[in-house]
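Listed in order, the protein sequences are those of chains A and B.
Residue 41 in the numbering used here sits at position 41 of the first sequence, and the numbers go up by one each step.
Residue 99 in the numbering used here sits at position 99 of the second sequence, and the numbers go up by one each step.
None of these hints come from the bench; they were simulated from the model.
Hints may contain errors.
Stated by the list, open to error - Restraint-style ranges between C-beta atoms, simulated for each label pair:
1. V46(A) x G30(B): 26 to 36 Å
2. D19(A) x Q366(B): 58 to 68 Å
3. A86(B) x E88(A): 41 to 51 Å
4. P376(B) x G20(A): 49 to 59 Å
5. S124(A) x Y179(B): 28 to 38 Å
6. A117(A) x A374(B): 28 to 38 Å
7. A219(B) x A117(A): 42 to 52 Å
8. K84(B) x K11(A): 54 to 64 Å
9. S124(A) x H195(B): 44 to 54 Å
10. S124(A) x A193(B): 42 to 52 Å
11. D287(B) x A64(A): 37 to 47 Å
12. A115(A) x K189(B): 28 to 38 Å
13. T92(A) x D287(B): 54 to 64 Å
14. S66(A) x N99(B): 34 to 44 Å
Claimed, not checked - Calculated cross-link-like contacts (lysine-lysine; reagent style DSSO-like; alpha-carbon spacing at most 27 Å):
15. K84(A) x K369(B)
16. K23(B) x K84(A)
17. K86(A) x K369(B)
18. K45(A) x K369(B)
19. K84(A) x K371(B)
20. K341(B) x K84(A)
21. K341(B) x K86(A)
22. K121(A) x K23(B)
In this text, a Cβ means the ideal position worked out from N, Cα and C, and glycines have one as well.
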Amino acid sequence: MSYPANYRYTKEHEWISVDGTTGSVGITDYAQDSLGDIVFVDLPKVGDAVEAGKTFGSVESVKAVSDLYSPVSGTVAAVNDSLKEKPETINTDANTTWLLKVELSDAKQVDGLLAAAEYEKFISEETGH
Amino acid sequence: MSESTLSPALRKTALNAVHRAAKSKMVDFGGWDMPVDCCGLIAEHMAVRTGVGVFDVSHMGDIQLRGPGSLAAIQKLCMNDASKLAEGQAQYSAMLYPNGTFVDDVVVHKLSENDYLIVINAGTREKDVQWIRKVIGSMPSVHMNDFSDYYTQVAIQGPRAAETLQKLTAVDLSGIKNYWFTWGRLDLKDGGALHNVMIARTGYTGEDGFEIYVPSDEATSARVWGEVLEAGSEFGILACGLGARNTLRLEAGMALYGHEISDTINVFEAGLGRYAKLDKGDFVGRDALLEVQAAGGPKRKLVGLEMVERGIGRDGYPVFSLDGKRLGEITSGSPSPFLKKNIAMAIVPVEFTALDTEVAVEIRGQMVKAKVVALPFYKRPRKST
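Okay, chain B solo, but in the shape it has when bound (with noise of 0.2 Å):
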């Protein structure tokens, strides 16, 4: 429900007064006032999906990690082997506690030999930071720098994405191959330019799509999404917020910190082991992944849930077996707006997660039946290039 008056604590992005001028619904997203509705969830969820949306993602933080011991530290930070990473590459990967669960999950950036940025979550910024200060502190030639609040991000997403983006820049889109980036010049209208601006092929919906970084002033931002929402206009555009951001990312199975990652979950419990490089040297948490992996593999482990019986499985309900024993809860849950069925992420005991296994989600006092489904409930459809 929007509201007229903010608390003062409210963090607003570079784009707040165009999302409040375009009467999107705003809701406080992790201490940011942020549309959580822009046009109707599910068009802007189906834009994205048959054409192109574009987001707003600000909100979300920028690291940068500098110098001669940069690569060494991210090594010691994160999770997968960053020392993979060719310049212009990115990869999917995650700040780890010494018990192997999650700080939080991230893309890390290879900008150049010495020069590497993180791309963390908004809901855990300062957290994020004072732990990476905590772990490169005593590393020797890195240093740290916030730039955040340097960035307007903007998220276009969907099959037409790259047409949409390519009217904006003569950086021919076709090259960047997927979690790759560049550096290039957005031309605007008026013979307007915006130069050295970060193209990346990344992206939180499951389709192929580009995430740019724009200086993050009012009115050069505001002057982006302008563009980009005219560009896209041709293909459906929509602007889309954080209700289809979270719909979309549930259908492809990508997890939410919080929600499938957190505190109290580990890389294996998540699913997510294969981003974790135990292979590549120490890292924080690789012990405790070590410990479970000797100890036969987590006693738990998430799976994707299809509602059989009417009914919506949401965040938090309980799992039960059918006979009647308390598995665990959803993680995520929520119709889905493309494959039309109500679907959820939960994690449960192992025993729990063979395909098609029946369960009962309590909803509201009521035992709903659903059955365990193939993680990522969607895929995009892959076009030869």
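So that you can see chain A by itself, here it is in the shape it has in the complex (with noise of 0.2 Å):
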């Protein structure tokens, strides 16, 4: 599994990553691989309030929902709507598969959260190896 040395992470096992002041959210390779086949994205419309620590929609697998919880505030910019139809995209490349856009309210916010080392730490001590 790898986790990208630019992103930031969060505990809720989602990634950011920040171009200016827009951040590109999705959720981190360890996420999809406990969540398993993923078959369906929740996600909120573009204009939408987010709220750091908030939840914005959700995952759901075959056998489970998992909440989705925003690294930042700010405004949803955009939206991956091809998850609508596809949303096994996230097991395929995690890393890479945004689910949304968000106009940062404040690019502070982000150096709160956790770097890769560290969110690999996290895991390693949460699931004991």
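Using the hints, put the two standalone chains together into the complex.
Following this line, the structure appears as structure tokens:
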């Protein structure tokens, strides 16, 4: 499993990749592996507000539902509509499959998130290996 | 999610080390450490529908009733008519409480005139054993033995299951009809042989398939498991976990204890009346079922649902009429990997059971439309043999 070094991570297994004032948000390789085959994604609409730490949607595998938590606060600038037809893309490549893009209200929030090494350490502690 | 440390209370089948070595995702199922996902749920499910899959179902229980009084005991205990069984034949049945609800669903096998095997669910093993003891306790000439830990039970399921298993035995599998069984020799590599193995044409997937009962020592179990995987490799065999087991039986409209059948659901509500032979003589629960019939039938029934709007109705989600009246709950619901729809079963008032009736499923606060469809959702294509 891989965790790109230039991303930031949350303990709820989301990643964010920032470009200027826009952040692309996805779920980590660990999350897609735990979920199994993803069959359904429920995302907000462009223009909706998201708040750091609050749920903004859900992702479902055959056997489970998992809430998605926003890493940052801001406004939804874009939603990955291709995931309606092909949600399994997340399983194939979690690191490059963005779910939504957020116009950040406070770019400094990203600094408070986990770096790749910290996230990897967090996972190994959580799972014991 | 895999756990590297087990609670000491979790039980393991003889194949536990094999599953863990294969990096299967493990889960606690009714107190058993079982694989839920071995190679990916959808891949496993499709392997069973199009080729062959193999399941470790050793956690299920095997209760033997023996003696001249064993048929009478089975007839009292279980609702189907075991007197119709020939030697080597099995039937789906159930043990009921006096009020007509379910202790468990079972498969009754007639081994010989005074010898029956009842295969019971893993999650209800202890309850079932106590129940059987209670019901037959005062009956003459019948003895109960719990052989659950003696067998590793392996299910080989799919259109290529027969070809797969045939490589491992000289027993002519084409001679075993659906829900019949026999005893035969499994021929393992290097001249090894397992004698007197029970081979049953039974299963829980809606496909053709077999369940074999082999000795439960770890070495033998691992060897058989490995040779089945090798025999099936040309057909794309996959080791399957409980996740696929659930989606397969759901598509086939088969009941799961605690969901479609339970101690609060009666036989007619569950749609299983055809397995309750009320004319065969008395059995535990019969009077209650006769009362339901006399009252004009059950007031609520199990139906199949297909989601019409976008969303997945899952176990426990409430079901409403379109004008907001609460009808019941989904008993089992999931995406259907083969049918590529979102399907569910639910128990609703009989007024809402007509095909194409539209209902609403509450999914995380949103009402999402579904419609009543026929059960089973999936029926395997019949080959002419």
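Hint by hint, here is what the structure shows:
1. V46(A) x G30(B): 26 to 36 Å: Roughly 45 Å apart at Cβ, these two residues miss the hinted range, so it is violated.
2. D19(A) x Q366(B): 58 to 68 Å: Hint violated: Cβ distance 33 Å, outside 58 to 68 Å.
3. A86(B) x E88(A): 41 to 51 Å: Since the Cβ atoms of A86(B) and E88(A) sit about 48 Å apart, the hinted range of 41 to 51 Å holds.
4. P376(B) x G20(A): 49 to 59 Å: holds, 54 Å
5. S124(A) x Y179(B): 28 to 38 Å: violated, 49 Å
6. A117(A) x A374(B): 28 to 38 Å: The hinted range 28 to 38 Å is violated for A117(A) and A374(B), with Cβ atoms some 55 Å apart.
7. A219(B) x A117(A): 42 to 52 Å: Distance hint for A219(B), A117(A) holds at roughly 43 Å.
8. K84(B) x K11(A): 54 to 64 Å: Roughly 59 Å apart at Cβ, these two residues keep to the hinted range, so it holds.
9. S124(A) x H195(B): 44 to 54 Å: holds, 48 Å
10. S124(A) x A193(B): 42 to 52 Å: holds, 46 Å
11. D287(B) x A64(A): 37 to 47 Å: holds, 42 Å
12. A115(A) x K189(B): 28 to 38 Å: violated, 52 Å
13. T92(A) x D287(B): 54 to 64 Å: This hint holds: roughly 58 Å between Cβ atoms.
14. S66(A) x N99(B): 34 to 44 Å: Because 39 Å falls inside the window, the suggested range holds.
15. K84(A) x K369(B): holds, 18 Å
16. K23(B) x K84(A): violated, 30 Å
17. K86(A) x K369(B): Distance of about 22 Å is within 27 Å: holds.
18. K45(A) x K369(B): At roughly 21 Å apart (the allowed maximum being 27 Å), K369(B) and K45(A) satisfy the hint.
19. K84(A) x K371(B): Satisfied, since the Cα-Cα distance of roughly 22 Å is no more than 27 Å.
20. K341(B) x K84(A): Holds, because 14 Å separates the two Cα atoms, which is no more than 27 Å.
21. K341(B) x K86(A): Holds: K341(B) and K86(A) sit about 14 Å apart, inside 27 Å.
22. K121(A) x K23(B): holds, 21 Å
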